[in-house]
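Asks: Given next are the chains, with one letter for each unit.
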Amino acid sequence: MFMGYSLGELGSIFAMQAFAGLILFSVFVLMSLGLAIIFGQMGVINMAHGEFMILGAYMTYLTSQLFQAYLPSLNGIYFFVAMAVAFVVSGALGMLVEWSMIRFLYKRPLDTLLATWGLSLIMQQAFRSIFGAREVGVELPDWMMGSLPVTDTIEVQINGLFVMGLTTLIAAAVYLLMFRSRWGLQVRAVVQNRTMAGAVGISTERIDRYTFGLGCGIAGIAGSAFTMIGSTGPTAGQLYIVDTFLVVVFGGAASLAGTIASAFTISQAQSTMEFFMSGSMAKVLTLLVVVGILMLRPEGLFVLKVRR
Amino acid sequence: MTPAFTLRAKDLIGVVILALLLAVVLPLVLDPFRLNMVGKYLTYAFVAVGLVLCWGNAGILSLGQGVFFGLGGYCMAMYLKLQASTPEATKIQSTPGIPDFMDWNQITQLPFFWVPFKSLGFSLLAVVLVPALFALVLAFALFKRRVGGVYFAIITQALAAIMTILIVGQQGYTGGINGITDLRTLQGWDIRTDSAKFILYFVNVTLLIGAILLCQFVRRSKLGRILVAMRDKEDRVRFSGYDVASFKIFVFCFAAALAGVGGAMFTLQVGFMSPSFVGITPSIEMVIYTAVGGRLSLLGAVYGTLLVNWAKTSFSESFPELWLFGLGGLFIAVVLLFPNGLAGLYRSYVEPRLGALFGRKRPAAPDATPAPAE
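Residue numbers (my numbering), protein chains in the order written: chain A, 1 to 308; chain B, 1001 to 1374.
Just so you know, these hints were derived from the structure itself, not from any lab. Being a predicted model, the structure only gives us computed values, none of them experimental. Built from N, CA and C at the ideal position, the CB exists for glycine as well. Do not take every clue at face value.
Derived contacts from chain B toward chain A, CB cut-off under 8 Å, selection only [what the hints assert, rightly or not]:
1) V1203
2) I1284
3) F1325
4) I1332
Computed footprint of chain A on chain B, listed as stretches where at least three residues anywhere in the stretch have a Cβ under 8 Å from a Cβ of chain A [as the list claims (entries may be wrong)]:
5) 1085 to 1093
6) 1138 to 1149
7) 1166 to 1172
8) 1227 to 1238
Take the sequences, apply the hints, and build the full model.
Replies: Below, the structure is given as structure tokens:
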């Protein structure tokens, strides 16, 4: 399969493929960070995670429509407003869901799976009724279009770069929040030992609610970032849910660093294989390898050692 | 959440009532079209019954039952497709004698894994064995390493996704997104006529009742009690010297084989098999049938399957918009409000009244029968 390419061309192909892999990596990290918080830290299986992302995407779409209608001069920066809106709306809905549903189910993790699947169906239908069954897309601001030429044969898309930057920023923010703030300390305390955390005066209920909200809010931002790469439809969330869960499980559910490492591995493997075979076979092979490794190493790549 | 170790006679009455309903009442009141539809729903009941054993009794939630349903269905469909692709029937193709979709995908020879499906005996065996063997490999790898609960659910779900992508991607070998269609005869017997569908319905009901009785037997046996013990306190069972993994492997394979039978009956009655019955959504829907019926009740699972499917058909016929809201709400309500489903409601509200009506006392704590000490 390497016949007919010169060495230089091969190099560029691999570089381009690696860059595509990096974009995929950023997308995976964005998708799975929220879930790593909800599933990894709280143990709640949120099957509606994809729908929270789509909610963020639709919020971005709405914001872009509003800016085009009322503030066309500020079109260049609408995206930052949209991300904030997406975060707040998804986060608020997440907190509402936690309050009305999830908090009754902490002792039954498999049942959260069924209940949130029901939620995802309702959200899908709500999207379809409100925004229509057709996919929608946003118009990118001018500065985000086009690509930067690196060499004669290699060029990188600006929106891809932007997504990568955004991912770095959000990952850093989550790290600071979880490991360097007082609130993060409380979250980790509740995760490791709920009873003791309550005994020393942490309001576990409030921590649960905000943690769930944060996870959903990050999903909203992820959805917002998605609008820059592709279009949004009511059922698009379903496509991501398996990947997202596998990334989190593969990384070792309780470890945020593991999530990032596994997102990197899976995305690079998939984008490299996509060059050699059809997209669907690459996907099948990647998933199979991940499942295979999980069989050998069920606790994932990174294990957080906690005495129970 | 008490396991249902109720009296044997009462269980038998329940099975007889179900058998009468399915085999006498429904065929009398429904027209052939609707009866065929009920038959289609009942094929899902095989999966639901298997899930009662696997999820309700043993605590293993599988989100990949659609895979086993599909494997069984595809085994049957491959046989029927080969029956329908005789060289005479396919002589307009560039390669006569192979299924039409292979010809469209420029495949000139029957792939090796299709060849044994020319034999009916092999295909019928494969309907049970292929899903069971697949489940065996999976369960062996996972349960021996003590992967369970949530992780197992997620991995099985990933498998459902993989299976769909694989079937859709490998069009030439599997028929792709359309599945295997245009199935006609079984050993020369046309399965598309009304009379054939009528007979297949009864075959289906017989098999289902047989499956329920088999599950009852498993539940009543010592093995069934170990399953329940394992669900509630896995470590204690392990420390008592039982090999927990083997029991889990058995029950998972058993449920998979049942699902395979369901899939094969589906193919026979509906006349095609496609990846839309394999993936994530159908797999989770099958779990919800069990949850609605009651995850601890075999009969409840059958009624739950019928009820949800009936609601799905009638709602999506008249209010397609509302159906997903209804289904989603049902999921949430079942989980939050009545985790034991219809059977739980029946047991706590209807049964005591029935008992009073017949002047009998409610059997006192039926699950208090002493477990065999071992």
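Asks: Failing hints, ascending?
Replies: 1, 5, 8
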